[in-house]
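Q: Listed below are the residues making up each chain.
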Amino acid sequence: MERLFAVAVNTFRETLRDKILYNLVLFAVLLIGSSVLLGTLTIGEQARIVNDLGLAAINVVAVIIAIFVGIGLVSKEIERRTIYTLLARPITRAQFVLGKYLGLALVILVNIGIMFAMFLVTMILSDHPIHASLFQAVELMMVEALLVMAFALLFSTFTSSILSATLTLGIYIIGHLTSDLKTIAEKNASGVIKFLTTTLYYAFPNLETLNIKGQSAAGISVDLGFQMIATIYGLLYTGLLLVGACLIFQRRDF
Amino acid sequence: MNAITIEHITKVYEPLWPWHRASTVLSDVSLSVAKGEIFGFLGHNGAGKTTTMKILLGLLRPTSGKVDVLGAPAGDVATHSKLGYLPEAPYFYDYLTAEEFLKFYGKLAGMSRDAIQYRIPILLKQVGLQEAQDRQLRKFSKGMLQRIGLAQALIQDPALVVLDEPMSGLDPMGRKEVRDLIINLREQGKTVFFSTHILSDVEMICDRVGILAKGKMLALGTVEELVDGQLAESIEVVCDGVIGTQIEPVRRLALRTLQSGARCLMVLPGHECLDEILEALRRAGARLVSIIPHKGSLEELFVHKSQGEG
Numbered sequence: 001m002e003r004l005f006a007v008a009v010n011t012f013r014e015t016l017r018d019k020i021l022y023n024l025v026l027f028a029v030l031l032i033g034s035s036v037l038l039g040t041l042t043i044g045e046q047a048r049i050v051n052d053l054g055l056a057a058i059n060v061v062a063v064i065i066a067i068f069v070g071i072g073l074v075s076k077e078i079e080r081r082t083i084y085t086l087l088a089r090p091i092t093r094a095q096f097v098l099g100k101y102l103g104l105a106l107v108i109l110v111n112i113g114i115m116f117a118m119f120l121v122t123m124i125l126s127d128h129p130i131h132a133s134l135f136q137a138v139e140l141m142m143v144e145a146l147l148v149m150a151f152a153l154l155f156s157t158f159t160s161s162i163l164s165a166t167l168t169l170g171i172y173i174i175g176h177l178t179s180d181l182k183t184i185a186e187k188n189a190s191g192v193i194k195f196l197t198t199t200l201y202y203a204f205p206n207l208e209t210l211n212i213k214g215q216s217a218a219g220i221s222v223d224l225g226f227q228m229i230a231t232i233y234g235l236l237y238t239g240l241l242l243v244g245a246c247l248i249f250q251r252r253d254f
Numbered sequence: 001m002n003a004i005t006i007e008h009i010t011k012v013y014e015p016l017w018p019w020h021r022a023s024t025v026l027s028d029v030s031l032s033v034a035k036g037e038i039f040g041f042l043g044h045n046g047a048g049k050t051t052t053m054k055i056l057l058g059l060l061r062p063t064s065g066k067v068d069v070l071g072a073p074a075g076d077v078a079t080h081s082k083l084g085y086l087p088e089a090p091y092f093y094d095y096l097t098a099e100e101f102l103k104f105y106g107k108l109a110g111m112s113r114d115a116i117q118y119r120i121p122i123l124l125k126q127v128g129l130q131e132a133q134d135r136q137l138r139k140f141s142k143g144m145l146q147r148i149g150l151a152q153a154l155i156q157d158p159a160l161v162v163l164d165e166p167m168s169g170l171d172p173m174g175r176k177e178v179r180d181l182i183i184n185l186r187e188q189g190k191t192v193f194f195s196t197h198i199l200s201d202v203e204m205i206c207d208r209v210g211i212l213a214k215g216k217m218l219a220l221g222t223v224e225e226l227v228d229g230q231l232a233e234s235i236e237v238v239c240d241g242v243i244g245t246q247i248e249p250v251r252r253l254a255l256r257t258l259q260s261g262a263r264c265l266m267v268l269p270g271h272e273c274l275d276e277i278l279e280a281l282r283r284a285g286a287r288l289v290s291i292i293p294h295k296g297s298l299e300e301l302f303v304h305k306s307q308g309e310g
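Residue numbers (this note's numbering), protein chains in the order written: chain S, 1 to 254; chain V, 1 to 310.
A portion of the hints provided could be inaccurate.
Unchecked claim - EDC-like mimics (lysine to aspartate or glutamate), calculated; alpha carbons at most 16 Å apart, straight line: (1) V:Lys-142 / V:Asp-94; (2) V:Lys-139 / V:Glu-100; (3) S:Lys-76 / V:Asp-94; (4) S:Lys-19 / V:Asp-94; (5) V:Lys-139 / V:Asp-94; (6) V:Lys-35 / V:Asp-68.
No wet-lab data here; the hints were simulated from the structure.
Model the full assembly from the supplied sequences, consistent with the hints where possible.
A: See the structure below:
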């Protein structure tokens, strides 16, 4: 466990020293800018739009980091050949993969945490109400980022960075459209198409389950039971992907 | 007991596509390295040295054959706490300082915080990098990276050290320091397995040597065994006042003749023909300058073996 944490801490440090937190400056500018620009609107609308913008920005930043840093987690170590000295140490390949994952997960959680804190401060300073639903939305965003990152890591254990990014991005987009697949399956008479769309619906993650930004921005909370199930769903899916990544990495030659 | 036992390993890379050919990188390679020994692994680039080392560390799996490292099968992670590895042309996390870098590897090796703190200054002194303790590795020269790489390989005071081309990228002074460091490791009872194509290093410090070419083990033994057993001695004769090629026994027997003005240098294949040559030279009125017996060098053996394989 100690070795896994050593890898995680090193990954955390590496990502931070790659100046990943610079995105926070952009985020702050966006938040302050939008609050000032929207000052002319009526109070209710202004709060909703700032909510919308803030939540969407947090989501986009988290997913971008999850995909584009996630795909390099393992492949960069292989390309730079740092993997040789690491695996020559008494550390299992699974510990290495999970350590890398944990390190980036920490970066994303810290990032989301800081962005959300900035967002809340802006809301307080602008005298906007802070709804519990905002916390719910951000919690599910974290789960989504963890899930997307697990996909990026899984792909990067067996394919190139560009392909991993493309595949992960593809999964992210399809993941938000799976409910459409179900609708197509229900409305289509053709057996083959029905089978295909139903299979795809169950095979791909349903990322829309983790997306409650719309209602949250309007101040509507979701049922806590739903929130828990959605969280468990996302984390279980993530766990399965990580097991897959470890198994593939275990068999690799370097 | 052996620190390393390699028995008949073969590594074949299967092609990605059916119309490509499989490539055999190692073919029936066997060797053993006793505990406390310095073993030099010689071979040209692409001979299969790095592949063999990666198999030792479990980074690659052999297609067939058996490898034991420190009494356990290669790739057994538990034995990795007793070994250190420096890859060829290493690249390390350049955003870390030398101290952070060694701390990280110490933690991976399972060392306690106190043990790491105690060990770091000793190692940095050993590899001559005390001044660079707080400098980021991105500001290191190639030679300094090689040294810090050596330090990480030695962080937990391992029983077996595997070094892939440890002298590459170093200036003559740096090479001497690495040589001394390896000898020092032997004095501490460590086993060192290192690859190189710098033959003088091998001749100077290795207890035993293995020569690998195109994935095959061509020779294995001590430097003396290999040189004495496989290459005949030669004799170099230098004399003045004659043209070597005009003397019939010289033309017939000398392996090589070099003429520079009135001075002639001849290389003879052995003692047997020396009397006949000297007699012929005396008759031709030559003045003898020197007779130097040459023992075969590892370099000649290496070239001879590699060419034979090619």
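Q: Taking the hints in turn, state whether each one holds.
A: Going through the hints against the structure:
1. V:Lys-142 / V:Asp-94: Since the Cα atoms of Lys-142 of chain V and Asp-94 of chain V sit roughly 12 Å apart, the hinted pair holds (cutoff 16 Å).
2. V:Lys-139 / V:Glu-100: With a Cα-Cα distance of about 14 Å, the restraint between Lys-139 of chain V and Glu-100 of chain V holds, given a limit of 16 Å.
3. S:Lys-76 / V:Asp-94: At roughly 13 Å apart (the allowed maximum being 16 Å), Asp-94 of chain V and Lys-76 of chain S satisfy the hint.
4. S:Lys-19 / V:Asp-94: holds (14 Å)
5. V:Lys-139 / V:Asp-94: holds (8 Å)
6. V:Lys-35 / V:Asp-68: Distance ~13 Å between Lys-35 of chain V and Asp-68 of chain V Cα, so the pair holds.
Violated hints: none; the structure is consistent with every hint.
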